[in-house]
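Please construct the entire structure, taking both the sequences and the accompanying hints into account.
These protein sequences, in sequence, are chains A and B.
According to our numbering, the residues represented by the first sequence are 42 to 527, in order.
According to our numbering, the residues represented by the second sequence are 42 to 527, in order.
A couple of the hints might just be wrong.
Identical chains share a label here; the pair holds if one copy fits it or two copies do between them.
Below, computed lysine-lysine pairings styled on DSS-like, alpha-carbon distance capped at 25 Å [to be verified]:
#, residue 1, residue 2
1, K249, K261
2, K249, K273
3, K61, K94
4, K261, K496
5, K61, K249
6, K496, K273
7, K261, K297
8, K88, K249
9, K261, K88
10, K94, K297
The hints are simulated quantities; they were obtained by calculation from the structure and are not laboratory data.
Protein chains: 2
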Amino acid sequence: MQAKRTAAEASLLSVSLDRKVKTPLHAQLADQLRRLILNGRLPVGSKLPSSRKLSAELSVSRVTVVTAMDQLLSEGYIETRQGSGVFVTVTADLPDGAVLRPDYSQGIGFEKPFEMSEALEIRPFQTALPDLSLFPHRQWSRTFDRIWRQPDATLLTNQDPFGWPALRVAIADHLAAWRGIACSPEQIVVTAGTRDAIDLIAHGAFRKDDTVLVENPGYKSLGLALVDGGLKVRPVPMGPQGFDIARGAALAPEAKGAVVTPSRQFPLGMTLPVARRLDLLSWARETDGLLIEDDYDSEFRYSGAPLPALMSLDEHGAVVYLGSFSKVLSPTFRLGFLVAPHRLLDAIRNRLLATGPRASFLVQPVLARFMAEGNFAVHLRRMRRVYGQRRDVLAAALAEQLGDVLEMGDLSAGMHAVAWLRGDRKSTETDQEIAARASGAGLFLQPLSSYYAGKTRTQGLVLGYAAFDDARLIDGVRRLSGVLNG
Amino acid sequence: MQAKRTAAEASLLSVSLDRKVKTPLHAQLADQLRRLILNGRLPVGSKLPSSRKLSAELSVSRVTVVTAMDQLLSEGYIETRQGSGVFVTVTADLPDGAVLRPDYSQGIGFEKPFEMSEALEIRPFQTALPDLSLFPHRQWSRTFDRIWRQPDATLLTNQDPFGWPALRVAIADHLAAWRGIACSPEQIVVTAGTRDAIDLIAHGAFRKDDTVLVENPGYKSLGLALVDGGLKVRPVPMGPQGFDIARGAALAPEAKGAVVTPSRQFPLGMTLPVARRLDLLSWARETDGLLIEDDYDSEFRYSGAPLPALMSLDEHGAVVYLGSFSKVLSPTFRLGFLVAPHRLLDAIRNRLLATGPRASFLVQPVLARFMAEGNFAVHLRRMRRVYGQRRDVLAAALAEQLGDVLEMGDLSAGMHAVAWLRGDRKSTETDQEIAARASGAGLFLQPLSSYYAGKTRTQGLVLGYAAFDDARLIDGVRRLSGVLNG
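So this is what it looks like as structure tokens:
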């Protein structure tokens with residue numbers, strides 16, 4: 042059999058004949074072919090395989106095939122064309138309600154993807170995206186092939202709901218080296234992303250309707266995931282140093298937890314000072330509260346020593362750590378992880394057993410080996426260097442062309458920068474209006490105000506730069522200058 | 042650089058030195074090495090690379106490296122051993138609170154997966170599992186490599202939240218050919234499984250606290266997903282013909298929807314008659330209710346013509362169809378899909394945009410090509426033949442050894458069979474007790490009663506057979522006979 046088939050040939054593979062029932066095989070075959078024609082799976086004009094080929098594919102005699110064909114010919118569903126074969130036709134009296142569906146066969150296959158919705162083209166200054174053109178695709182593909190061409194039996198049987206064991210080991214090692222976290226692989230759960238992680242924590246560590254503090258501005262999907270998990274969310278306004286637990290506790294004394302981004306507040310970018318971290322841990326100890334540390338892109342710090350993760354300071358099992366591979370590696374993986382204190386592991390396991398594992402097991406062993414062989418760390422270091430250079434390019438271009446209009450936020454880390462409008466530009470136009478105009482100039486600007494809950498919203502622009510090379514960044518700043526100065 | 046590194050060498054890749062800050066490079070390097078030693082990432086006894094190698098890897102002068110090493114030597118973190126290099130030692134005065142984490146490096150990598158929880162070994166008669174040893178791994182791996190070795194730019198930019206366009210086309214074609222459903226690819230959403238699909242439907246088609254009817258017995262995770270989606274669930278007892286909407290409507294007149302398994306009731310196995318299907322559609326039209334058709338393994342029908350899907354009878358946009366690749370292809374993919382009527386697409390899109398895409402984009406284009414080239418249909422046909430033979434083997438062995446004890450349910454389709462205890466065996470022992478004893482005999486029996494909600498539970502055994510070859514099935518029946526007759 043060939044690897045490539047026409048759509049019509051592929052559809053014939055669905056035919057299933059049963060020798061145990063009373064209906065003769067030729068009648069069964071005619072019935073099923075009729076159905077394929079009526080539902081459009083064998084489209085009008087498509088050519089049927091020869092009776093010889095069909096009898097071989099379906100493991101029935103040629104007499105059976107020819108008898109079925111004769112029936113359909115007499116009903117007008119198919120016709121023979123001299124010298125060229127048998128074709129599906131339209132002359133048949135179609136029964137009421139028969140559906141002739143459009144022929145999508147043009148859209149089949151990878152080479153010509155069917156365009157169903159507006160293509161989500163990546164434009165400057167889209168956020169939270171790595172530069173996938175720099176991903177080591179060849180190396181990754183080779184690793185995939187080494188593991189899956191002749192997979193080890195354990196790959197096919199071991200589906201620990203916490204995730205592939207070797208990947209959890211690799212993540213623990215990565216966290217120790219890059220984030221100063223000393224955890225054991227038992228504490229790690231591989232997830233399909235932050236949303237999944239929040240679901241596990243919401244059901245494993247809280248009661249329904251518990252209140253959780255979140256940062257304002259902050260990552261809205263995360264708040265939505267908390268609400269979906271049955272929790273109440275209380276946004277806490279950020280001061281210049283970031284999250285202040287005293288303020289949060291005053292706003293919601295009943296709070297049972299808090300989601301924080303201490304390494305780099307999202308989206309504002311400030312690092313939470315050590316004193317504030319210790320305050321958080323004290324609050325958690327006193328109230329028996331849980332801290333959820335969202336450490337979304339902390340691998341990319343370009344200058345200064347990174348503060349270790351909040352979790353590395355925790356001695357009382359008060360912190361759950363959330364990590365993601367989407368931003369540092371590739372969003373196509375849909376992989377993230379959480380690190381839970383031991384006291385929560387049983388509850389998380391129960392939730393996992395009730396709802397099933399989250400992340401694809403196809404990718405996990407490949408990523409585990411990719412990490413264990415050091416390729417992940419090499420890639421991170423390379424990206425850190427590249428993104429650091431891009432940050433410099435962006436900052437220089439903005440300073441030159443828009444220094445009198447925009448004031449830049451912290452640029453020492455991450456994959457995006459925040460820019461505030463200076464002076465009298467503040468009041469003339471909202472960031473939403475600027476973003477709308479920028480869209481017409483081929484730019485994607487995230488208005489800072491869109492990250493806020495409530496009425497008090499600071500105006501500004503969030504500029505992602507990691508996914509764009511120097512030329513696109515410079516061109517993007519030129520366009521942005523046209524938008525803001527034009 | 043070599044592809045393989047020691048764990049210690051890999052951890053050194055995380056070192057990041059910054060020329061812009063005041064701290065000298067050698068002090069930065071000493072700090073970071075100290076941290077790696079303290080958190081155990083450079084375990085006691087591990088050998089450091091030579092200063093020449095380290096200076097090359099970190100792009101700093103050898104003087105910088107040697108100065109940093111001298112500092113750590115003087116602090117006692119490392120020691121030189123004559124002629125063999127520099128090693129991490131324990132003689133240092135470790136500060137309070139420093140963590141020397143256990144060395145998991147033995148567990149790193151794929152060859153020796155770290156055993157963290159009891160291995161989830163697959164035993165007869167576990168359910169809902171395909172036989173992964175028959176999966177065309179080589180072909181799949183080749184397809185993966187063709188797509189991802191040098192990926193098309195659209196692969197890296199197009200992340201339509203509904204899923205990879207070509208996969209949606211391939212699914213539409215598959216549904217037309219195998220299930221008689223005429224839908225367009227626009228109606229298809231690729232999900233990470235049934236749980237994700239229910240989340241989209243719960244938020245896209247219902248209001249909070251709406252009541253949804255579910256089958257009793259039924260698929261419990263699905264009911265849990267509905268509850269997690271903010272809905273109320275009302276179980277409807279199954280009669281001999283399956284779901285009866287009149288009974289459901291009498292139990293819960295306020296119901297706004299129903300989840301049904303018309304092709305093959307889960308887990309009992311009966312097919313819902315056409316009259317009952319038409320009743321369902323009438324109810325939906327009259328009450329503006331939504332029917333959710335869970336078509337979990339309908340591809341595997343061994344005898345008789347399959348009834349077309351409920352959705353194929355629907356002319357009023359009253360049915361959402363749920364399909365899964367976990368059971369027919371591989372649970373490692375974590376891929377499923379839903380087909381929604383046009384009227385729900387906007388609401389589903391809003392939910393997707395708020396929560397992000399669900400399924401890994403790494404697998405989707407590979408599966409799309411696998412399907413478009415006909416390999417999926419070939420695999421399904423092969424599995425249908427194999428599973429049909431296994432069903433025969435299981436039925437024959439059960440009839441021979443346990444015919445007087447067990448009464449078998451419908452065996453014309455699917456991947457599992459239901460067995461009821463005959464006569465006086467009914468009352469002597471619960472199915473839970475039998476399952477517990479069978480576990481000791483190396484079997485995995487799912488008690489039928491575990492699929493029920495409420496107090497009225499029928500006793501029986503659910504026997505998955507698809508994942509086990511003839512020898513294991515025969516051995517399994519022998520063991521089961523020992524359990525039941527012993």
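Item to check | Intra/inter-copy verdict for K94 and K297 if alpha-carbon distance must be at most 25 Å | outcome: neither (68 Å within a copy, 50 Å between copies)
Checklist entry - Given identical chains, is K88 near K249, meaning Cα to Cα at most 25 Å, within a copy, between copies, both, or neither? => result Result: close neither inside a copy nor across copies, 60 Å intra and 51 Å inter.
Checklist entry - Is it within, between, both or neither when you check K496 against K273 at 25 Å Cα-Cα? => result Classified as within; 19 Å inside a copy, 34 Å across copies.
Next on the checklist: Cα distance capped at 25 Å. Does K261 pair with K496 within a copy, between copies, both, or neither?
Outcome noted: within (15 Å within a copy, 42 Å between copies)
Checklist entry - Is it within, between, both or neither when you check K61 against K249 at 25 Å Cα-Cα? => result Neither, since 55 Å and 49 Å both go past 25 Å.
Checklist entry - From the Cα coordinates, with 25 Å as the cut-off, is the pair K261 and K297 best called within, between, both, or neither? => result within (19 Å within a copy, 30 Å between copies)
Checklist entry - From the Cα coordinates, with 25 Å as the cut-off, is the pair K61 and K94 best called within, between, both, or neither? => result within (24 Å within a copy, 73 Å between copies)
Item to check | Within, between, both or neither: K261, K88 at alpha-carbon 25 Å | outcome: The answer is neither: 53 Å in one copy and 46 Å across copies each exceed 25 Å.
Item to check | Copy assignment of K249 with K273, given that the CA separation must stay at most 25 Å | outcome: both (8 Å within a copy, 15 Å between copies)
Item to check | Intra- versus inter-copy proximity for K261 and K249 (alpha-carbon distance at most 25 Å) | outcome: both (20 Å within a copy, 20 Å between copies)
Of the hints listed earlier, those the structure fails to meet are numbers 5, 8, 9, 10, in rising order.
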